[in-house]
Amino acid sequence: LVARETTVLNYKRFRSPRERRGTSFPHSWQPVPTNYVYTVKISGINSNWEKACVHTKETECDVTDKLEKVKDTYTAHIVSEMLSGTEKFEEPPYAISPKFTPYNQTTIGKPGIQTYELTDSKLKVLVEDPLTPYRFPNKTFKSIREIFKNDLEYTLYYWKDLSTGKKEATTKSNQFEISIDKGENYCFYVQATILSRRENRKSQESNMNCTRHWEDGPAGTYLVKQVNRLVFSCCLLHFQQKILILCMKH
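Sequential numbering of the sequence shown, starting at 14, is according to the working numbering.
These aren't lab readings, by the way, just hints derived from the structure by calculation. Note that this is a predicted model, so its numbers are computed, not measured. For glycine and all other residues, C-beta sits at the position ideal for the given N, C-alpha and C. There's no promise every hint is true.
Straight-line distance between alpha carbons at most 30 Å, and here's what the computed DSBU-like set of lysine-lysine pairs gives [said to hold, decoys possible]:
{"#": "1", "residue 1": "Lys112", "residue 2": "Lys82"}
{"#": "2", "residue 1": "Lys180", "residue 2": "Lys112"}
{"#": "3", "residue 1": "Lys137", "residue 2": "Lys180"}
{"#": "4", "residue 1": "Lys180", "residue 2": "Lys123"}
{"#": "5", "residue 1": "Lys162", "residue 2": "Lys185"}
{"#": "6", "residue 1": "Lys135", "residue 2": "Lys180"}
{"#": "7", "residue 1": "Lys179", "residue 2": "Lys82"}
{"#": "8", "residue 1": "Lys84", "residue 2": "Lys54"}
{"#": "9", "residue 1": "Lys137", "residue 2": "Lys155"}
{"#": "10", "residue 1": "Lys215", "residue 2": "Lys185"}
{"#": "11", "residue 1": "Lys135", "residue 2": "Lys152"}
{"#": "12", "residue 1": "Lys137", "residue 2": "Lys195"}
{"#": "13", "residue 1": "Lys179", "residue 2": "Lys215"}
{"#": "14", "residue 1": "Lys84", "residue 2": "Lys185"}
{"#": "15", "residue 1": "Lys162", "residue 2": "Lys152"}
{"#": "16", "residue 1": "Lys82", "residue 2": "Lys137"}
{"#": "17", "residue 1": "Lys112", "residue 2": "Lys70"}
{"#": "18", "residue 1": "Lys135", "residue 2": "Lys173"}
{"#": "19", "residue 1": "Lys54", "residue 2": "Lys70"}
{"#": "20", "residue 1": "Lys82", "residue 2": "Lys162"}
{"#": "21", "residue 1": "Lys185", "residue 2": "Lys155"}
{"#": "22", "residue 1": "Lys162", "residue 2": "Lys135"}
{"#": "23", "residue 1": "Lys137", "residue 2": "Lys84"}
{"#": "24", "residue 1": "Lys179", "residue 2": "Lys123"}
{"#": "25", "residue 1": "Lys152", "residue 2": "Lys123"}
{"#": "26", "residue 1": "Lys82", "residue 2": "Lys54"}
{"#": "27", "residue 1": "Lys155", "residue 2": "Lys215"}
{"#": "28", "residue 1": "Lys162", "residue 2": "Lys137"}
{"#": "29", "residue 1": "Lys123", "residue 2": "Lys137"}
{"#": "30", "residue 1": "Lys123", "residue 2": "Lys82"}
{"#": "31", "residue 1": "Lys84", "residue 2": "Lys64"}
{"#": "32", "residue 1": "Lys162", "residue 2": "Lys179"}
{"#": "33", "residue 1": "Lys112", "residue 2": "Lys123"}
{"#": "34", "residue 1": "Lys162", "residue 2": "Lys84"}
{"#": "35", "residue 1": "Lys185", "residue 2": "Lys123"}
Label-pair ranges, simulated between beta-carbon atoms [stated by the list, open to error]:
{"#": "36", "residue 1": "Lys179", "residue 2": "Ile109", "range": "40 to 48 Å"}
{"#": "37", "residue 1": "Lys135", "residue 2": "Thr177", "range": "22 to 30 Å"}
{"#": "38", "residue 1": "Ile109", "residue 2": "Asn151", "range": "32 to 40 Å"}
{"#": "39", "residue 1": "Thr114", "residue 2": "Arg225", "range": "42 to 50 Å"}
{"#": "40", "residue 1": "Asp133", "residue 2": "Tyr170", "range": "16 to 24 Å"}
With the hints as constraints, model all of the structure from the sequences given.
Written out as structure tokens, the structure is:
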């Protein structure tokens, strides 16, 4: 009867391949089986029942390839089957998972900053789409853009370095080009939004980046000379210390 006590935990979040360790889109449950095994059956409203991880003793199953219709709503049955030689039920008991719609319920991973460029009064930023566990026929991973298309929007949050006044800009492409104050350094990060969602709309925030201006005039040249002089002085001091140590040894 312990097999009837199976508890479905949930589907794990929509992780990008860079974040994954092990399976791509795992479904998990408990307890760990003793004298029985599990088989996962999964179906969508518009999909037929399919089996995954047949007769497994694990408590996690990768069901990514069963969730190809991302806008469908899926339910999984975790079937408990007794091992050979033990008591068997006429109809194996099963636990039912919560309903799950990948398009609406997955958590979007962290976008990347592919490149950025600061020229005069313009800041250009190129965003890298997070990848998904779904694959093309050639086995390469699809990005969130292939899944969400025009439903995907990026927001760039930016502010002057050492300032708290944050501004933002949005785009449905991967590129930003914004006007900024000439000669100022800026920090920024990006975040994806799935526009049609009511909940769980925003992705994780990208890593923050900050620009740095390098002066080309006399002041900049003077700074370089001062740095070089300081480095030379440190090397000379280090060299003198070595001589002193050698003299003391003799």
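Against the structure, the hints:
1. Lys112 - Lys82: 14 Å, holds
2. Lys180 - Lys112: 38 Å, violated
3. Lys137 - Lys180: The hint holds at about 15 Å.
4. Lys180 - Lys123: 20 Å, holds
5. Lys162 - Lys185: Roughly 9 Å between the alpha carbons, so the hint for Lys162 and Lys185 holds.
6. Lys135 - Lys180: Given that 30 Å is the threshold and the Cα spacing comes to 15 Å, the pair holds.
7. Lys179 - Lys82: Between Lys179 and Lys82 the Cα gap is close to 39 Å, so the pair fails against 30 Å, i.e. violated.
8. Lys84 - Lys54: Given that 30 Å is the threshold and the Cα spacing comes to 19 Å, the pair holds.
9. Lys137 - Lys155: With Cα atoms ~25 Å apart, Lys137 and Lys155 stay inside 30 Å; holds.
10. Lys215 - Lys185: Satisfied, since the Cα-Cα distance of roughly 14 Å is no more than 30 Å.
11. Lys135 - Lys152: Cα-Cα ~38 Å, so violated.
12. Lys137 - Lys195: Roughly 14 Å between the alpha carbons, so the hint for Lys137 and Lys195 holds.
13. Lys179 - Lys215: Roughly 18 Å separates the two Cα atoms, so the pair holds.
14. Lys84 - Lys185: Holds, at roughly 21 Å.
15. Lys162 - Lys152: 20 Å, holds
16. Lys82 - Lys137: Distance ~36 Å between Lys82 and Lys137 Cα, so the pair is violated.
17. Lys112 - Lys70: Given pair Lys112, Lys70 holds - Cα atoms ~24 Å apart, limit 30 Å.
18. Lys135 - Lys173: 13 Å, holds
19. Lys54 - Lys70: Holds, at roughly 15 Å.
20. Lys82 - Lys162: Judged against 30 Å, a Cα distance of about 15 Å means the pair holds.
21. Lys185 - Lys155: OK: Lys185 and Lys155 at ~18 Å, within 30 Å.
22. Lys162 - Lys135: OK: Lys162 and Lys135 at ~27 Å, within 30 Å.
23. Lys137 - Lys84: This hinted pair is violated, its Cα atoms lying about 34 Å apart.
24. Lys179 - Lys123: 20 Å, holds
25. Lys152 - Lys123: Given that 30 Å is the threshold and the Cα spacing comes to 22 Å, the pair holds.
26. Lys82 - Lys54: 16 Å, holds
27. Lys155 - Lys215: 19 Å, holds
28. Lys162 - Lys137: Holds, at about 22 Å.
29. Lys123 - Lys137: The given pair, whose Cα atoms are some 19 Å apart, holds under the 30 Å limit.
30. Lys123 - Lys82: At roughly 23 Å apart (the allowed maximum being 30 Å), Lys82 and Lys123 satisfy the hint.
31. Lys84 - Lys64: Given that 30 Å is the threshold and the Cα spacing comes to 20 Å, the pair holds.
32. Lys162 - Lys179: 28 Å, holds
33. Lys112 - Lys123: Measuring from Cα to Cα gives roughly 25 Å; hence the hint holds.
34. Lys162 - Lys84: 13 Å, holds
35. Lys185 - Lys123: 17 Å, holds
36. Lys179 - Ile109: 40 to 48 Å: 45 Å, holds
37. Lys135 - Thr177: 22 to 30 Å: Since the Cβ atoms of Lys135 and Thr177 sit about 23 Å apart, the hinted range of 22 to 30 Å holds.
38. Ile109 - Asn151: 32 to 40 Å: 36 Å, holds
39. Thr114 - Arg225: 42 to 50 Å: Since the Cβ atoms of Thr114 and Arg225 sit about 44 Å apart, the hinted range of 42 to 50 Å holds.
40. Asp133 - Tyr170: 16 to 24 Å: 22 Å, holds
Comparing the model with each earlier hint shows violations of hints 2, 7, 11, 16, 23; every other hint is respected.
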